[in-house]
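Q: Letter by letter, the chains look like this.
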Amino acid sequence: MKKRTKITIAVAAVVVALAFLFVVSPLNQQKVRAAGERKPVEGTVSVLAVWGGHELDVFKEMAKPFEEETGIKVSYEGTRDINAVLTTRVQAGNPPDIAVLPGPGKMAEFARAGHLVDLSTVFDMEKIKADYAKGWLDMGTVGGKLVGVFAKVAIKGLVWYNPHALDDEGIEIPENANQMRAISERLSRQGKTPWSIGLESGAASGWVGTDWLENIFLRQHGPQKYRDWYEGKLAWTSPEVRETWETWGEIVANTDTVYGGKQYVLSTNFGQAAAPLFMDPPGAYFHMQASFIQSFIKKQFPDLQPGEDFNFFGFPPIKPQYTDAVEAAGDLVGMFNDTPQARAFIRYLTTPEAQSYWTSGTGALSANRNVSLVFYPDVLSRNAAQILQKAEIVVFDASDMMPGKMNNTFWSAIMSYVENPARLDSILRNLEQTRREAY
Amino acid sequence: MILRSTILAVVAVFGVPAGLTLYIFLVEKGINRLRFPIQKRIRPWLWLAPGLAILSVFLLYPVLNTLVLSFLNNDSTQFIGLQNYMRIFSDREMLIVLRNNAMWLVFFTLVTVTVGLLIAVLTDRVKYEQVAKALIFLPMAISFVAAGVIWKFMYEFKPKGTPQIGTVNAVLTTLVPSFEPQAWLFNPSINNWALIVVGIWIWTGFAMVILSASIKGVPKEIVEAARIDGAGEFQVFFRVTLPIIKPSIVVVTTTLIINVLKIFDIVYVMTNGILGTEVIANRMYKEMFNFMNFGMASALAVLLLVAIVPVMLMNIKRFGQRGEIQ
Chain P
3 MKKRTKITIA VAAVVVALAF LFVVSPLNQQ KVRAAGERKP VEGTVSVLAV
53 WGGHELDVFK EMAKPFEEET GIKVSYEGTR DINAVLTTRV QAGNPPDIAV
103 LPGPGKMAEF ARAGHLVDLS TVFDMEKIKA DYAKGWLDMG TVGGKLVGVF
153 AKVAIKGLVW YNPHALDDEG IEIPENANQM RAISERLSRQ GKTPWSIGLE
203 SGAASGWVGT DWLENIFLRQ HGPQKYRDWY EGKLAWTSPE VRETWETWGE
253 IVANTDTVYG GKQYVLSTNF GQAAAPLFMD PPGAYFHMQA SFIQSFIKKQ
303 FPDLQPGEDF NFFGFPPIKP QYTDAVEAAG DLVGMFNDTP QARAFIRYLT
353 TPEAQSYWTS GTGALSANRN VSLVFYPDVL SRNAAQILQK AEIVVFDASD
403 MMPGKMNNTF WSAIMSYVEN PARLDSILRN LEQTRREAY
Chain H
45 MILRSTILAV VAVFGVPAGL TLYIFLVEKG INRLRFPIQK RIRPWLWLAP
95 GLAILSVFLL YPVLNTLVLS FLNNDSTQFI GLQNYMRIFS DREMLIVLRN
145 NAMWLVFFTL VTVTVGLLIA VLTDRVKYEQ VAKALIFLPM AISFVAAGVI
195 WKFMYEFKPK GTPQIGTVNA VLTTLVPSFE PQAWLFNPSI NNWALIVVGI
245 WIWTGFAMVI LSASIKGVPK EIVEAARIDG AGEFQVFFRV TLPIIKPSIV
295 VVTTTLIINV LKIFDIVYVM TNGILGTEVI ANRMYKEMFN FMNFGMASAL
345 AVLLLVAIVP VMLMNIKRFG QRGEIQ
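These protein sequence lines are chains P and H, in that order. Reminder that position 418 of the first sequence reads as 420 in the numbering used here, one-by-one numbering, no gaps. Reminder that position 74 of the second sequence reads as 118 in the numbering used here, one-by-one numbering, no gaps.
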């Protein structure tokens, strides 16, 4: 054999041997270092969530003290299509350490498949039970095990308005749905559109409409039926559900009552849909949205003062027996990989200190009772926090509680309905068919 | 972490060829002991073995597995036969998906090839040919996702009377005073067309480049002879040029068909299938990752495969022929 060939073969053999060693040997620095130590001094914790823009800035600020104290690096990845991305990664066996779960429905699917870590082994359960009301903990419990905790929460179904615009029109805050309707009609007769709605949200377009329906449904049919609805026990073609859609249709399907007509409603991103309230002259007077819209408004209109230039009132009651009802939602966080770094971080996330970043930065609310009201930056979030604590009837966002396919179909149904309200019958039939398959 | 990945990458880039060389060497050493006729017969198979093995694992096995999964139910626990396929052709939502793919197939392919051909012919006679062709080809240089994002902004809608920030609406409302701004992506009667336009914008350059090369390959003598015989421009084009470049047109068309049947990025980025814009690839993605319906997702994948394979075979056949005619 020629000498050159021999050398080539030798080199090839060595390289292959090296490749084999590198690929096969367990070179996992994290595990080697942190095993057996009381306080992890290095490593990374990977976090997957939907936060972007301002929310992301606040998250990074919140993570800084943690990183400095423990030396653990927080590696964040964001996506609006959390459902698909998270499911894919879990399927691939490569889940993030910690992730925001799209909703209790999806959380339950993951938990039953054994992907989520039982958090009772991570937290001091006595302390958690003292800090969080039972309702919140129940929401994160599947099969008796706590698998999700709320990083931050929000109230849904607040009606935002511009106090100056209402003053100019001589409008008073309505106390119930009938008064709301009267105000609406008065404005329409004057050629003004009372409501502004924006449904677009990328892969999740239509979720704003689901909030509308949930709030109307809760106040029309009460918390028991509401529960039946998201548990899949109530047919979509039932008279109760139809009534709710038609009630919403009175607002959204009418060009006189909603700013920009259906084109605007369908194509405007939810974060921008409050803007017409602050036009001169106002394009709309009321905007139904969760408490977290506050940070979007502040970002677009930094000069506006909360409370003075924009404020909210609770969704008007429809039937008197269902007053003081509140729909809440939140970012449920779960742990997929039981590493010391992930444990430390999820423990940090639930402390009042960490929560106070969310509350003071974004107008989010905390489910943790021990976050002092001082950390709510303004009168609005304090009001919202108080509403949450005072409410008689608290339910969770129904569409988040539904199985993935049902939730998705619900979103598309909203878009289809606004596009052509006359098709309500076939839309409801389609939803009903999905319900039969999804539950 | 980064160090480990870099080492892995370097090792992969050098290790794979090195490993293959080592393998071939060992094979040769091993075969040399056998009798020559046997050597000749088994040598090709041994040389091909690594490639075949990788193909089997990463191509053959997944295809067969998907085929099997398409006959099972959503969590792959029960055999349900052709139910998934029947649903594809009967479910209302699915029929809309199929309709959309048909729209893409016909409209996208036709317009891209026609416009590409037109530009190829026209630029052939102009001095600024290279500049024009470069400009038309530019969209192919960006990713489909990037194109989707760009056009999503261009299609942006704001209510009548307020400033339009979407290029399309802005231009149209300025040029045509009575034009009302449209929510292009959110109006079911036009949103599919709006998406197809984006696809055309990206791929016309590809069609143009290939057809341009083909047109330049038409022998000048034949064209001159035709002109001398008194043929006008259109006659020269339709009777002389077109028949000669037909194989290229077929190749371009089949390539475009293969691509359009798989269209995903544009739809995913711009509308994610809402309001009647969903296509098969998107649906497959949703069924798989959002709804966890492995059976349905697999059935859709098989459907795509069955649709594309004949076109692909034709493409390969023609590709071989093209060389002969020139």
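No lab work stands behind these hints, which were simulated from the structure alone. Since the model is a prediction, treat every value here as computed from it, not as a measurement. Beta carbons are placed, not taken as given, at the ideal position from N, Cα and C, and that holds for glycine. Treat the hints with caution; some may be incorrect.
Claimed, not checked - Distance ranges between label pairs, derived from CB positions:
| hint | chain 1 | residue 1 | chain 2 | residue 2 | range |
| --- | --- | --- | --- | --- | --- |
| 1 | H | S120 | P | S240 | 49 to 57 angstroms |
| 2 | P | K8 | H | R85 | 24 to 32 angstroms |
| 3 | H | S100 | P | G54 | 41 to 49 angstroms |
| 4 | H | F69 | P | E63 | 55 to 63 angstroms |
| 5 | H | F223 | P | R229 | 25 to 33 angstroms |
| 6 | P | K136 | H | V215 | 54 to 62 angstroms |
| 7 | H | Y105 | P | F303 | 52 to 60 angstroms |
Q: With reference to the structure, classify each hint as holding or not holding.
A: Verification of the hints:
no. : hint                                : result
1   : S120/H x S240/P: 49 to 57 angstroms : violated (33 angstroms)
2   : K8/P x R85/H: 24 to 32 angstroms    : holds (29 angstroms)
3   : S100/H x G54/P: 41 to 49 angstroms  : holds (42 angstroms)
4   : F69/H x E63/P: 55 to 63 angstroms   : holds (59 angstroms)
5   : F223/H x R229/P: 25 to 33 angstroms : violated (49 angstroms)
6   : K136/P x V215/H: 54 to 62 angstroms : holds (58 angstroms)
7   : Y105/H x F303/P: 52 to 60 angstroms : holds (57 angstroms)
Of the numbered hints given earlier, the model fails hints 1, 5; all others are met.
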